[in-house]
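S.K.: Put the two chains together into one complex; each comes in its own frame, and the hints tell you how they fit.
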Amino acid sequence: MSKILIRGAKVLGGEPQDVLIDGETIAEVGVGLSAEGAEVVEAGGKVLLPGLVDLHTHLREPGREDSETVLTGTRAAASGGYTAVFAMANTFPVADTAGVVEQVYRLGQEHGYCDVQPIGAVTVGLEGRKLAELGAMHESAAGVTVFSDDGKCVDDAVIMRRALEYVKAFGGVVAQHAQEPRLTEGAQMNEGVVSAELGLGGWPAVAEESVIARDVLLAEHVGSRVHICHLSTAGSVEIVRWAKSRGIQVTAEVTPHHLLLTDELVRTYNPVYKVNPPLRTERDVHALREALADGTIDIVATDHAPHPHEDKDCEWAAAAMGMVGLETALSVVQETMVDTGLLDWAGVADRMSVKPAQIGQATGHGRPVSAGEPANLTLVDTEYRGSVDPAGFASRSRNTPYEGRELPGRVTHTWLRGKATLVDGKLT
Amino acid sequence: MQRHLISAADLTRDDAVLILDTAEEMARVADRPIKKLPTLRGRTIVNLFFEDSTRTRISFEAAEKRLSADVINFSAKGSSVSKGESLKDTAQTLEAMGVDAVVIRHGASGAPYRLATSGWIDAAVINAGDGTHQHPTQALLDAFTMRRRLVGRDAGLGQDLAGKRITIVGDVLHSRVARSNVDLLHTLGAEVTLVAPPTLVPVGVETWPCEVSYDLDSTLPKSDAVMMLRVQRERMNAAFFPTEREYSRRYGLDGERMAKMPEHAIVMHPGPMVRGMEITAEVADSERCTVVEQVANGVSIRMAVLYLLLGGNEPAVAHPSPTTTLASRRFAPASEFRTNEEK
Chain A
-18 MSKILIRGAK VLGGEPQDVL IDGETIAEVG VGLSAEGAEV VEAGGKVLLP GLVDLHTHLR
42 EPGREDSETV LTGTRAAASG GYTAVFAMAN TFPVADTAGV VEQVYRLGQE HGYCDVQPIG
102 AVTVGLEGRK LAELGAMHES AAGVTVFSDD GKCVDDAVIM RRALEYVKAF GGVVAQHAQE
162 PRLTEGAQMN EGVVSAELGL GGWPAVAEES VIARDVLLAE HVGSRVHICH LSTAGSVEIV
222 RWAKSRGIQV TAEVTPHHLL LTDELVRTYN PVYKVNPPLR TERDVHALRE ALADGTIDIV
282 ATDHAPHPHE DKDCEWAAAA MGMVGLETAL SVVQETMVDT GLLDWAGVAD RMSVKPAQIG
342 QATGHGRPVS AGEPANLTLV DTEYRGSVDP AGFASRSRNT PYEGRELPGR VTHTWLRGKA
402 TLVDGKLT
Chain B
8 MQRHLISAAD LTRDDAVLIL DTAEEMARVA DRPIKKLPTL RGRTIVNLFF EDSTRTRISF
68 EAAEKRLSAD VINFSAKGSS VSKGESLKDT AQTLEAMGVD AVVIRHGASG APYRLATSGW
128 IDAAVINAGD GTHQHPTQAL LDAFTMRRRL VGRDAGLGQD LAGKRITIVG DVLHSRVARS
188 NVDLLHTLGA EVTLVAPPTL VPVGVETWPC EVSYDLDSTL PKSDAVMMLR VQRERMNAAF
248 FPTEREYSRR YGLDGERMAK MPEHAIVMHP GPMVRGMEIT AEVADSERCT VVEQVANGVS
308 IRMAVLYLLL GGNEPAVAHP SPTTTLASRR FAPASEFRTN EEK
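These protein sequence lines are chains A and B, in that order. Throughout the first sequence, residue numbering follows the numbering used here, covering -18 to 409 in sequence. Throughout the second sequence, residue numbering follows the numbering used here, covering 8 to 350 in sequence.
Derived from the structure by calculation, the hints contain no laboratory data. Treat the numbers as computed from the prediction; the structure is a model and nothing was measured. Treat the hints loosely; a few may be bogus.
Said to hold, decoys possible - No farther apart than 20 Å at their CA atoms in a straight line, the calculated lysine to aspartate or glutamate pairs in the EDC-like style are these:
| no. | chain 1 | residue 1 | chain 2 | residue 2 |
| --- | --- | --- | --- | --- |
| 1 | B | Lys95 | A | Asp292 |
| 2 | B | Lys95 | A | Glu291 |
| 3 | B | Lys95 | A | Glu20 |
| 4 | B | Lys267 | B | Glu294 |
| 5 | A | Lys(-16) | A | Glu20 |
Said to hold, decoys possible - So these bits of chain B aren't anywhere near chain A, every CB distance computed over 12 Å:
| no. | residue |
| --- | --- |
| 6 | Arg35 |
| 7 | Ser125 |
| 8 | Pro204 |
| 9 | Thr226 |
| 10 | Lys229 |
| 11 | Pro249 |
Just so it is clear, CB atoms sit at the ideal spot from N, CA and C, and this is done for glycine as well.
Just chain B, same shape as in the assembly (with noise of 0.2 Å):
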């Protein structure tokens, strides 16, 4: 990993590490009668989102905002995109703006790869998810969160999730967030098993570092944590199943299948759930539901991620090295932000 976020895969063991206890940092920062930082004082971010998402926009902003950086919001719709402007010549122009770094949700996979890559604007690029590819703030959050539930908030420190045994169950094939987490729960030395009805299974799939199984009740006693995806109701028009009611009772997480997992074992989901078709409310609103813990930790991760690519340690007018990769980075506790602004 350099200066952008593009991809889980991009990240080493010790990135992600880092990540995750620059993250538990961060995570003290909320529990403060005042959530701000003055670590990117004089940054300026925009959150470039071509596609919905209310959620992950919400969650960059409140990180930048608790880093004190300047937020710029921009959605496409009613911008110029929607009337043909190209994702060149809207980058350019905000970056003419003078931005430090772009946060990038776009409906095409590689966007953000593009942005990076392509000499368009030298701003850092992170991605927010793009297309059916990567979500890697979402891995990076979702680790966190089994992290913390699975080896212990103090415990866990410095330490990756070596023999965990995560099941990911629902449409991978459409999934940014199936890869992002397969590539990244690899790396940190997780055992990972997909689960879903063969169509929604990509072609090629032999090749990710993961098992497949197309039978949820028989993976559910060996899984630490199992992890939900949202099923569009609109997949069954495309025959991936044959309708909502037999995907549920298929691959649906009810109380009673929830039963067949361990004790320790968490249930988690990326949002939004889609209740009643790959979840029931009993499950979604049970103690083992990480949901709203996800959110929470989501913000972290993210103060965490744009901490270390836009190097909060160093004077505010540098731009970072290209050359600077996270690792060589040290953390500098939360105590010393408050020092650096003092001096």
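If we strip away everything but chain A, and leave its shape as in the complex, we get (with noise of 0.2 Å):
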């Protein structure tokens, strides 16, 4: 078995020391440790964190290879310091069947990259008409936990209902992307002052809501659990926050986007801004940071959604929604929550590691940096600072809010089951 000593990295944040991984496992932490017959890694410092989990990713595949893969997706991934990764249902075909959602696991354990865990449809063919068969995806080799029509709203009270009581049975989620469609029609950006300006269809806040108001509610009358993705308001975070506090079982995630992005930024019209839920105003900025700190925001999930570049070479109605976010996730939240001193680095490993992992039972990841554990690690070099450049993305799109912004920290290795996945910045 091969062994693996990084030197001198600081775990979690904390005060430097080694760890010594033999094969698939950590095998040893502490100072001083023994680097015989282990290639070494020199930390210098770095920050250890366990290997990130990313509960909502788009990998395209199959149907929009054009944009990404399994492959180019998890080596994306793997770049961003990423062990495991959940992909969404919204493929062509829909992932409403058991033989879809085993195709894409198989990929994603054949290329090796990161564990890939598929997220499995609510609805045939995400209508939001019919249930898919839950329980057979759930049944098949990928196992399926989350459940998840994103891309589209579980609008009809009674299917949610329905989804949420279903899933008890083998203690599955249900992911809802949370956007009321008849508040939704045409809509282009955040409805406010800008898109006033603009000219632009608003998504107005309440269509958000107002369904993960009535969602919490269905959660708490049928005693299920249910997971709010990509949550982008302010309004949503005092609703979360309330349902909490009532013992509703919700969790939430917040994208990196919207922890630093504005509607403002829509005056260019520039479609590589256009996303879905929209860009949202400084406030809601402020409280998407506040409730991530304060633990009412479970988790950083990406919505990772490439495009190929002429679907975002165009004009801004004509565009395609959403952005590339796997390699740029960590740095975003350095940026966000670490440089700005809400959040320490054991509350990223939490934010962005063990919650995820825990909400979609990633059996393996989210571990504590601690002998016996899963040698999944991700470490990052936090006083890097340099501009993104989209041409050196493993991803197969380049559609990036941050073209040319300077972010903070790089990820330099990651390291799945003990196996480098990325040295020194470089895929293997």
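M.R.: What follows is the structure, given as structure tokens:
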């Protein structure tokens, strides 16, 4: 078995320590460990975190391999420090059967850059009318436990109620894309001062908040747990905070871009800022940061949404919604949460690895950095600052809102069960 | 304002007054037996219309031809656009044919801004209406009409609209005309009041430099000009108002309401009018209604904009400098055009 000694790493941002990997597991953590028989990685004060886990990734395969594949998407994930990603169901065909989720799962296993855990659709074809075979997807080789129609809202209250109830039988969770469809017909951006000026169709905060309010009440009524995807408004934060105070089993995620960017950027009419839910206001951004810091929002999830160049190189209304995020997520979180003093590195590990692994039941991920645990690890050079160059992305798509923006932090190494997937910033 | 005209909000007071003054000079050309100037001879302008708009396109075309430009009309219907060609490819194709300016009408808000700023083409871009965003030449021709009627044709030269009270009534939410007018009229010193049912006022209007009222009757006596916006009948299907009749009763302009306006006040409409909906035939056909005048003024305004943007007093082969602003360019009197051409 091969041994790797990571020397002088600040484990979760603490005092420098050595971490010895033996095979697939962490053998020892301590000061002055022997390097005998081991390949040595000089950490030099970099921060060591458990491998990141993304509960919300669009890998696009099958169906839109022109924008991303399981291979390119998992290489992007490894590049960004992730060891597990949850692949959303809105592929072509939709991941609403055991066959499709098993295909995606196996592709992840074969490529080996990170674990791919497919998410199953809640309803057949994401159409919101008929429950998909949730049990069959759970019992498949992919072992699906998270179900979502992401991209579309499960807006029918009865279907949502039944889904929440049904998955209790096998400990599943429904992840809701909260968007009231009638209130967002023709929606192009956040509804407010900027949309009024730009003449772009508004996506009001209430369209998200009203669905979240309904769903936490449904979850309470049937005693189920519900997960809220990409929460984006200050009002949503208040509702989730209230629900948690009542003991409702709700968890919520926020994307890196909603922690950093606002709808003021839409004034450029550059569709690289077009995303769903849309970029909101400064006030929302601050509420989201505080909620992530105080635990009201449980996790950061990327909503990595690759699109081919032509789908963004056009007028705003014609452009696709979404941004790639796997390769910049940790940097944005450092910028918005760590460098602002809202969260320490242990907190980052909790929000980007421990909690998402718990919500998605990703076995072996989000574990403590201690002896006997699986060696899923990420080494981050937190002193680094550099501007984002999409040309260097491992993702097949380049639709990042951060091109040319200076961001802190760079992932230099990623290990998946002891096997390096990223070394000195280069994929293996 | 630089070398493009994208939004009325980009115009300074001096830019706007220069355009209005220039348009007055251009209007004199229309009074001549031969309504043509050689100013833009050798320049090629494409009218790139992705949305049907006969009146705006014809107005631009008339302005371009009166300035002797070569005109290419492109309409999306039946073109490669209907086969899925992108805005970028269409624009680049046209530019490859050597156009100096693109007049664009597009259903998507921001399309002209994208065309001007994304590096796809080098030509000057003039917004002829984009989605529910802006229609700057409409606002300019409206301001021109107001200045003539409320200040005076000669007395108005060099003047703005300081202190004039303008009321804009109707579907503000979906109106690029309203947005452009609020921006420009504010720049020119006018006091603007928007009147509409609350459903047709955008969320976020509170930052606009204007007042908002839901009551037409109380606003009319305090108006020097009342601009009625078209209200599409389909809007009632989306519950913006209950019925056509109720809309007309509450927000339509009829003879009785017009009588509440001060004697000097004018009624305006960007067209096309929906008679019986926002305006009755009695009002539309009255002396106080400037609809036909607005159309005539539209040609003068578009001539002025094209002249100022394309540098009509520079040699025809030179490209306009990207840093030249409108205000820095002095208008050459109409008589000099001929001289230039004869040289």
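S.K.: Does Asp292(A) lie within 20 Å of Lys95(B) when you go C-alpha to C-alpha?
M.R.: With Cα atoms ~12 Å apart, Lys95(B) and Asp292(A) stay inside 20 Å; holds.
S.K.: Should the label of Ser125(B) as a non-interface residue stand, given a Cβ cut-off of 12 Å to chain A?
M.R.: With a cut-off of 12 Å, Ser125(B) comes too close to chain A, as the shortest Cβ separation is near 8 Å.
S.K.: Does Lys95(B) pair with Glu20(A) here, judged by a C-alpha cut-off of 20 Å?
M.R.: Status violated; Cα separation ~52 Å.
S.K.: Between Lys(-16)(A) and Glu20(A), does the CA-CA distance stay at or below 20 Å?
M.R.: Roughly 6 Å separates the two Cα atoms, so the pair holds.
S.K.: Please settle this one: Lys229(B) was flagged as non-interface, so is its CB more than 12 Å from every CB on chain A?
M.R.: 24 Å, holds
S.K.: Take a quick look at whether Lys95(B) and Glu291(A) sit within 20 Å of each other, Cα to Cα.
M.R.: 10 Å, holds
S.K.: Is the nearest Cβ of chain A still more than 12 Å from the Cβ of Pro204(B)?
M.R.: About 16 Å separates Pro204(B) from the closest Cβ of chain A, which puts it past 12 Å; holds.
S.K.: Are the Cα atoms of Lys267(B) and Glu294(B) separated by 20 Å or less?
M.R.: Within the cut-off at roughly 15 Å; holds.
S.K.: Is it correct that the beta-carbon of Arg35(B) has no partner in chain A closer than or equal to 12 Å?
M.R.: 35 Å, holds
S.K.: Per the stated criterion, does the least C-beta distance between Thr226(B) and chain A lie above 12 Å, as a non-interface residue requires?
M.R.: Holds: least Cβ distance 21 Å, greater than 12 Å.
S.K.: Far enough from chain A: is every CB of that chain over 12 Å from the CB of Pro249(B)?
M.R.: 18 Å, holds
Hint check: violations occur at hints 3 and 7; the rest are consistent with the structure.
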